[in-house]
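Peer 1: Dock chain one against chain two, each of which comes alone in its own frame, and use the hints as you go.
As a plain string of letters, each chain reads:
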Amino acid sequence: MNKLTIKRYCHIKNNRIYVDGELMYAYKKAEGLRAFAKSVYRYLKPSYNRFFKMDEISKLGFLAAEVLLSDFGKSTYYDEDVSIILSNSHSTLITDQEHQLTVDDYDNFFPSPSVFVYTLPNIMIGEISIRHKFKGENTFFIVENFNAELITNHINSLFLTQKSKAFVGGWINQSESDYEAFMYVVSADGSIPHNTIEISRLYKLIS
Amino acid sequence: MVYFRSDNILSSLGTTTEENFTSMVSDKIGIISIDDPRYYPEAFPASIIDQTTLNKEFNIIANKYSNNDSYTKLEKMLIVSIYNALSKTDIDIKSSRSAIILSTTKGNVDLLSSDKKNSYDSKRVFLWKLGEVIQEFFKNPNKVIVISNACVSGVLAINTAAMYIDFGQFDNIVVTGGDLISRFVVSGFMSFLSLSPSACKPFDKDRDGLTLGEAAGTIVLSNNPDPKQQSIIFKGGATANDANHISGPSRTAEGSYIAIKKALRQANINPEQIDHISSHGTATPYNDEMESIAIERHGLENVPVNSIKGYLGHTLGAAGIIETAILLEEMRQNTVVKTAGFKESGVSRPINIIDYNYDKEISTCLKMASGFGGSNAAMIISKV
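Those sequence lines, one after another, are chains V and H. Residues in the first sequence are numbered from 1 upward in steps of one, following the working numbering. Residues in the second sequence are numbered from 1 upward in steps of one, following the working numbering.
All clues stand as given, with none of them false.
Covered stretches of chain H (chain V as the covering partner; in silico rule of three or more C-beta atoms under 8 Å from a C-beta of chain V):
(1) 112 to 124
(2) 142 to 150
(3) 155 to 163
(4) 174 to 187
(5) 239 to 246
What the hints contain is simulated information worked out from the structure, not anything from laboratory work. Where is the CB? At the ideal position from N, CA and C, for every residue including glycine.
With the rest of the complex left out, here is chain H (with noise of 0.2 Å):
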């Protein structure tokens, strides 16, 4: 069996997955106006991480490991995530039985800016030196896994990560994830016309696009559980290819559907079993539309369906990680998190969006996840 063991949030709601949890529970919103030419010539809203509380919680990680390298945004605020994660177990992460698997779409992709093109090795460019990078840090034996497969790469990451340690090759794995605001990703989305000019509203009726978010997230699997905690395990997940659009979801949420079948199938258990699931929920008219459609064909349409995107925005490469954090932490308190920004449905499905927060036992959860180059993922994570 595979174990989740320990994970962490480090967002603009705080440095763990508790303090996160905590400030969504008290409606505490991390998405303000950015008004910094740096990244926008006119102000948009956004969740960003502040740079000043970033390097005092980085520096005293390094100073324990004796390290006075220099570091990127991106890479200090994975380092401070996956070292919060693990500093909640006792994994040997210099042991060669553990590995890292990083979930990014664009890495430190502030560096192709001309203005920063010659502050660090052009090498930091590239996704495989981000790994090599946070690899060295911790001195883990392994070279870092990467995967880069748009918005679903953090599903992605976790359904591989519990697949690698169920055949057998490494006892814990460290699944860390995240993406950066940069000029390059927020001009892109801006090209796009998918940008809201407010907090994102998922599932509402006057939803009108996604809000992008900054942070990193990490979960740590492993064939070993802690005694001590209450145990929640993998039991399934698969990804799945619309093979209809790059940009937009299929109108029949195919890949989507598949890939819940066979997460269910592999679970081996029925959708009735479903306590509550966790959406991809990013607030573009199609996709919210499209993962109502994928709900109801499996009969989901009552199960509490949330998203955390309107606390936090679309972190991309850290989206599936961050919010099945938020899950787990929903699973151990019993309690699930409304869907902030939503007043009224507005798909058309009748699936049933959490708009209050409330107790609840929950015992077996869905997180799904979809993104450009038509890529779904589904994941089912269970108490023991």
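The shape of chain V in the complex, shown without the other chains (with noise of 0.2 Å):
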């Protein structure tokens, strides 16, 4: 059996976005994560409308595995031989206030649908796995600060037992005032071995 490797991976924080470390984009502006990912959407282009009905962490989710996944190869992998670990420590906390604000009042009442079926952090491996086609496991873990031994673990043990054969892993985290995406690949075809040390490293890259 193959040896897992980190293929690619990419930092989205104070609006940039790096890949395997280097500088990719840079929005220039001190907004938010709204227009931030907004001026992304229109430097990648995907031509993908989806992406308007997203809430703020998902859209961060999205764009991270659009640049990361740009080079990944589908077409040598099944569908389900796919899959998206993901992390953070808000889960979608953001998104719950905004729904929260409909339901406080009744004289002021106006919970929506759109809304709701983002607060729930796996809808974000839902939109990537639609746009990807990735039909593998999927799981979303809540940790305080970015856990590289855990995730790490889950994937080795998830290709040991032959579940999958390739790996979207990382942290998507949106809090009150800040954001920030962590993403990465792991395959057979790689040339940085997989391991906690390594993804540790990884993810300090970018401070």
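Peer 2: Structure (structure tokens):
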């Protein structure tokens, strides 16, 4: 059986996108995730109308996957052999707060299904799966801080039990004041060994 | 091998798996009409845990631990459920070889509401913090692993626990799960028009949506069997995504089909060896139809299938765990529980939905789950 490697990784933070540690795109304005995501969409031009229905954190995860998977080589895998294992600390708190505002007051009560559906962190996994036709394993972990060991062990175990051949791992978080994405591809055809030390190192590469 | 050592269900039908099972086989339904503006402006059917009864149960345990801290309703539910499950075993929860995995969709989401905002530390709304509160109560040395993957969280948490034990990461894992009936969740599902006006009717021709439920459940897994009891082991499990829609299932049951296929492959068994299926069975038109397709595509149309959501509603993060606990009790008692609310099939595939309780030798079972985000899960368990 082939060994797993880290094939590609990307960071999105401070309104900048880095692929394999190299700056790919920078948004000059000091605006929040909403405006930044829109500018990245215009830059990447994926022509994908579903994007505009997504909440902000799903947009962040979607865009990270867009830049990460541009050279993935999906055709070499069966749909069911590509898995997505993500994590964060805030779940969907910002979207939760948006939904909560619509139900707090019965004199001003207007819950919306299009907001409510995004109040689950794994909806982002669903969006990436739809876009890239990935039908493998899914898990969303909630951890206080990025936990390289948890995700690395999980991916290795799924690989060893022959559940999946390639993986998208990462951390996609949105808090009240900031956001951060770190996403990577794990497969047999990369050049960096897949282990906790390397994943931790790559996560910290862009500060 | 990974053994199912102990389990618990805390719900409106009781504080143990046995109580819940006995209620179900005596046709007791935990779903009532809730008329409480804290949850929704109008009355709606749901299964809910009585706060006074919960406080009584919790205080007995907190006294044993000399713990005077203040806990939310969900924290109390999870602590009582874990305590009750562990009390039937000799497993040392304080050992570094024991871990806890928590399955929840929304955790202490009620703390977001304007009337509760300042009642607890604001961090309490984070799901990892909920894990930390439980870890500290039981003095477990490992960080609680929190999985939030919509309605498949419970089955996924059990699959994950079994995988970690199999790889020697831990000797014992307590898988616990729970979610609240909250204004957040009730209003959200209401806006989706997915709630039934009466207790839900899984697989029935008149099914008209799901019913929400509040519960906590616990499953204790170990690499060590209990010689005093019939051993039931984890055989295989998988998740799969439909890659089709974020709030509705695949019309071809793609993800569910793949999850079952991978679980069968890991279990190394043929579909003919399955004696009983515990479905997700939410009673929404699309979910039940999709499951009937997945079941038929695997040639399992003659296998007795049930859904227990007609008794306790859809308990979200607890669902996969309490449904597995009932499945384990069905295997121990060799009795299949009927699908409450079901009268006449309303799915297109000719599957064998259980409409009365009966005795049957049960050795190998399939558990199914599906949820928002296109997620699906399957698990196979077996007597040895």
